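S.K.: Residue strings, one per chain:
There are 2 protein chains.
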Amino acid sequence: VGFGHVGKAFLGLVREKREWLKTHYSLELRLQALLVSAGGLFSESGITPRDFTEKAGPDLNLSSLWRPGLNVVSALGKTKPGIFVECTPSNIQTGEPGLTHIRDALKAGWHVVTANKGPLVVDLKGLRSLAGKNSLALKFSAAAAAALPTLDTALHSLAGAEILSIEGILNGTTNYVLTQMGEGTGYPEALREAQEKGIAEHDPRLDVEGWDTAAKTLIIGNSVLGLELALGDIKVEGITRIPPELPIRARQEGKAIKLLGRLGRSGGCWEAAVSPQLIERSHPLFGVNGTNKGISYTTDSMGTVTVTGGKSDPRGAAAAILKDIIHIFARVQ
Amino acid sequence: VGFGHVGKAFLGLVREKREWLKTHYSLELRLQALLVSAGGLFSESGITPRDFTEKAGPDLNLSSLWRPGLNVVSALGKTKPGIFVECTPSNIQTGEPGLTHIRDALKAGWHVVTANKGPLVVDLKGLRSLAGKNSLALKFSAAAAAALPTLDTALHSLAGAEILSIEGILNGTTNYVLTQMGEGTGYPEALREAQEKGIAEHDPRLDVEGWDTAAKTLIIGNSVLGLELALGDIKVEGITRIPPELPIRARQEGKAIKLLGRLGRSGGCWEAAVSPQLIERSHPLFGVNGTNKGISYTTDSMGTVTVTGGKSDPRGAAAAILKDIIHIFARVQ
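If you're matching them up, the sequences are chains V and H in order. Counting along the first sequence from 1, when you hit position 143 you're at 285 in this note's numbering, and nothing is skipped either side. Counting along the second sequence from 1, when you hit position 72 you're at 214 in this note's numbering, and nothing is skipped either side.
Source of the hints: derived by calculation from the structure; they are not laboratory data.
Same chains, same label: a pair holds when it works inside one copy or across any pair of copies.
Straight-line C-alpha distance at most 30 Å; calculated DSS-like pairs for lysine-lysine: (1) K339 to K397; (2) K267 to K164; (3) K222 to K150; (4) K220 to K164.
Here the structure is a predicted model, which is why all the values come from computation and not from measurement.
Chain V extracted, bound-state conformation (with noise of 0.2 Å):
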């Protein structure tokens, strides 16, 4: 469901791993149905990924499925649940249309895995508690900074381990503003770059006034640490008001302004910050430059574990989203 970047390059990588899903995994998968906001590509014995990414272009010419009233599951039809892919855009505010159709998939007894920050910024309990009473999975690693294995280092990889503190560089566009001004570059020209390269977008605020960043710190928080803020919870200081100066000496020293998503007791509470920080060369985050991501989780028993790198661009999105269901699937299996 969407049929944007990210649904495209999803589509796109399913077809290209096609035969290396089935030796490795034994996993084939059948994509039954595409929909779009003016309607809808399906068929009950699968459409072929080949048929997809040809039909699914420009051009796409789609059967007008939609009619007041309907929703994403019953314009599905008879087909069997299996795994809803939704890849809309976000919304952080009201989490629309994705909260609808994921909570309309969920108890239609579709898995769901989703791309879009947006339904779990706003209702993630109750999405969990949803898949939950219907034994379902809800994956959301592309939404967690994409082929960053933000969730999965967590979850997963510290599992026995507890986790003490959190910290993130979890959006590109301001990391890559924020590297570029410590190289002298000033905060619009670092800006106006980052737009004309495709990596920050026409409308820049989202990442620049941190919320992007608050979205990502909020799902972490309440997934891996079982937290239940809002976004209204976090206090959040962008990078618009950064002195052009201080990146620069920040580097002459040796040091680094980074924007930072964190994750920490106060005491005996959980508290919730995105803001700007003057971090040392010894800070794990330290090399963490350009359009780069990381995270570094501080536990009682394995010491800090960082995470850095992974494609942050659509094709990284969409292997996330695809890792999520080998996820479900060897789970189900």
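Guided by the hints, dock chain H onto chain V, whose structure is given.
M.R.: Below, chain H without anything else, positioned relative to chain V:
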């Protein structure tokens, strides 16, 4: 089995986390037996961690179980098979005594978690096949860089991505020595310092000649990439012959010398090598200094994902054992 630094740390950790494991994983571990070369301590009804750590101190009064021809599993008598934790010292030439222990345990129906590199270096393929035939788990996170999640990252976090190459700083002693050398300390002084701090072994040859790194590179290549490397297939060069001015000059130029275990393809075939390499500031392992470790996976669809840190002391290894047990429990639950 085995009650050295790692075995002791593991029992300490289980004792410390008893209540936390119940709350977070509904997991209650019952310790049934402790076997060392001189004998054993066990109880069919279970020994509490309290009994263990109190009785199994330096004054441990073991029942003398051993007689010629007895193996660890027959020593366990009628104990119902659970998880067999192998922590005897590594011998990467013969794999013994761990190799025989693990074979016997798998034949008798025990899941196996091991911190011991030896048996895996000598016969990972045979052990995996034995485990598979008996539908048992064989886990060895602690043998592949302790709390640094080298295997979990590749097998879980990167599921669905094809790994194109791997580079790792996998040995804390050599990384400490190289870091000190970069700051001007000579090799003999840096090594002596590492020994005094308890970082390097009394006999540091396995570390400084690159064999510990080679053993971990082999385990990672064979388990993650499905290779069938033997130690003799790996070109191994340690850090003993690095001219002292090299790390200093590297540091002055903003670069670093690191002992890397590497797996990459050359002409369609995978090749493994261990050698000191000059890396640039932009290399994802550049910031891994002192006793820290790190591993970098370059993939087709997720870009390069790097994980660094993770305690490499006995407590870190113990935490990796506990993680493996939690993963087995989640599977058999």
